[in-house]
Amino acid sequence: MNKPLLAAARAAARLGLLASLAIGVLPAQTDASKQEAQKLEKFEVTGSRIKRLDYETPAPVETFTVQDIEAKGFTNIGDFMQSLPFNSGTSNAIFQTASFQRGAATTNLRGLGAQRFLTLVNGRRAVPYGLVSPNSGTRQVFDFNSLPAAAIEGVEFLKDGASALYGSDAITGVLNVKLKKNFSGLATSMYYGNTLKGSGGDTGVLQASVVAGAGTGKTKIMTAFDAKMANSNFLRDYDVTTTDFSYLGTNKGANLNSTASFPAPLTLTRAQAAAIGLPFPATATTASSWTYVIKDGVKTANPTLSQFVPAPANPANANAVLLGNENRYNFSETYQIYPAYDYISNYTTFEHEFSDQLKVFGEIMYSKNSTYYAFTPVPITFSTEGLVLPANNPYNPFGIPLTTLTTRATFIPVRKFDTESTSANLLLGVKGTLLGKWDWESGVSSGYSNVATVSRNAIRATTLQAALNGTTRATAFNPFGPSEPAVIAGLTTVSPSTSRADALSWDASITGKLYDLPAGAIGLAAGLEMRNEKQKVDPDTAAYLGSGGGSPLSGKRTVSSQYVEVTAPVYKSREFGSAEVQLAGRHEHYSDFGNTTKPKYGLKVRLPDTRYVNLVLRGSYSESFQAPPLGLLYASQTVSFTSTVLQDPLRPQDPPTQLRNVSGGNPNLLPEYGKVKYVGGVIEFPKLRNLSLSVDYFDIRLNQFIVSPSTTYLLTANGMAQFPNAIIRDNTLGNPGPILRIETVPANNPAAYQIYRGLDYGFRYTLRNTRTGTYTVSGMATQIIKRGSDSGLGAGFFNNAGYYFDPRWKGSLSTGWSYKEYGASLTADYTHHWYNDGYTTQGWGENPLTILAAQLRYSGFWGSTITLGASNLLNTRPPINGRETTGFMPNISGPATLGRFIYMRVRKEF
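Whatever position you read off the sequence shown (first residue = 1), add 115 for the numbering used here.
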């Protein structure tokens, strides 16, 4: 445990109080000083380390303000970024109860994985989320829930590759979250929102924040504190009464009520059924075994042979079983959509000026987030868990040992996972000016993210087997109905685990003007960076039903880097316009993967301005390198069940079921290499002041990429072709036989590559200071041209554009109006249809989605701003997907998952 850092983090809240009190102590800025002429200061824009006076660099950068985030009703950056068009594929939000980073909110910019873009906070690399789960392939990502919303000033997204500037992970871009530094005064905010009756359950989101700042002529200090809480809701809160979607037809739906149910169905061979005296279906002429169930699924405390009947046959195949819903488990009652949570976070920053040439600065960030998940009861397959119902169990009416029961633990409360993530980061630095023209800076930061998970209502196989071995009703477990309360009470236990990421880094940089040319100055930036990363996982190593138990993980890595960047004007004149080039290179040494050097080249050309049109063209080429994440290398392999039931496409006669999944790390992984090409332009029309249009083409190629294919993808035609050895079957029971397990262990090879090509479109128009106010309208869209991969195993390239998770089009449109104390906005997010090739080759495309958000503001009450808003204004439900347990795709549906959400925010500045 980093005790000094922890102590500093705990002091963050106290510093916040001190900063608030300091407002009344430190002298206020005089009117004379406010009226002094302000000198234009150069600033650094994401995409270049060289400070400049204009935002236009050769790199394409999208900038978003707090107002942009709040206009959609979001209270954190993660949800906002997920709504943007260039976020494609699947994203991780806290509502995904079985998500690979439980408790975290991430985003998937460009759809190539949350781990392939880099998140910066105030221009520095952020500490990754501490939890690495075998279910995810143990990738490291950043948790946006750890940032206090009150401290956010804006977000910049660099859309091309930037490994040469910022290091590995910056393959598909860089997201720089800018936190407030210069704030004077006191601001408070209260927020409450909830889903309307009929739109969902009592979500009840409550958020409170305080921002305080003060300063003298030499010292500035600011702190922001955030607290947020919410209730949970479930599938049942949306009037969902069943997870049987077979009414949609075979292409679009299936009965997802699980055959692992309670009371337990069991399988008997022909010989066993005859010996016991149970009938075998006469129509099942070739079947060697059959499933038997208690008639009407009624639980019984006194099971007898007469209560068991053969399960119905599949109308399409008389030799296959098709259980009715009375003998299946209905997920709708216990499937959680959003978990309850309690979050607190703090950000404190200070700066002290010793002289015009020397300043010291520091930052402390701290968060403690608790998220409370509820899982459906665990399925129990006796044959795979090694369980036996002995002949002398008083609830066994068959008189023989049985190993073919498939049941579900509905006899105990639902599984619960309480996840507490604690993160802290301390930054201390010094900066100044050298020779009047060179800005230099150096800083040291130390941070950690610790995630502790407590799993409740878990059952060990050995504990259940001991109860099955009971010979009296007082000691035996009954798989067909009620058992004695004392027996049930003794089955469950608590399973704790912890996962932690530590990062220690140092950096030094210098930037300034190297030489003056007729067209402008040559700018130079150079720097050194060192960081030490550690990852440790201490799981519960005991095996539980549905899980093979965890294995400890410990890994570390040291990376040292040197980079240089040069920007130079090529020419500048009225007749020909201007041109600027950007050249950058970065050399890195990895303690476990050696050396790598990667370049970046950029060009910006401004054509001569005319009366009718102004045009800026830009382009870039960059290369990248990414070493495998520590979790992918060092995690041991574990066994679990899929969180939802899945259909085996090669055995349609079998009902959907939860499949055994083997996941974990791979010490033989290779680094990934990437190339990013970008070209585009911005056009403005002088006759239509404040109107701009932009188009950018991007081409991302990832070689030797690491893939941890999902169980869903591996069951597709593409998945089975690309990864033919990932699905393990029991071919003694057919050809193909039923699935024994699916292996999602990460892998790569030198022949594997991934491609993402597309176009970004954007426009913005502002009509200022009319008699009725100021109007703005803006929009952006992303078109996927080609998106797919080749695993290098001989199956060839598969283009997934327009298919599962990858709609060809996503767009966002925003309108705003302000007049004196009044303001309003309306936003629309659009996701184009996509074909559900995840389950059928025919698929369908009836699932476009448009979500509206609206907001009204008034600022006329004693310096307060009151905001009323609605997310998912029209209560649009997600497009139905009868192959998902929820009936829709929660990880791409965004606010549609929650339903119509009404909120109110009151902000007051003092």
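Calculated from the structure, these hints are not laboratory results.
There could be a bad hint or two in this list.
[Said to hold, decoys possible] The following label-pair restraints were derived from C-beta to C-beta distances: (1) ASN366 <-> PRO396: 27 to 35 Å; (2) THR586 <-> ASP653: 37 to 45 Å; (3) PRO851 <-> ALA397: 22 to 30 Å.
We put the CB at the ideal spot given by N, CA and C, even for glycine.
Against the structure, the hints:
no.: 1; hint: ASN366 <-> PRO396: 27 to 35 Å; in the structure: 29 Å, holds
no.: 2; hint: THR586 <-> ASP653: 37 to 45 Å; in the structure: 39 Å, holds
no.: 3; hint: PRO851 <-> ALA397: 22 to 30 Å; in the structure: 27 Å, holds
In this structure, every one of the numbered hints holds.
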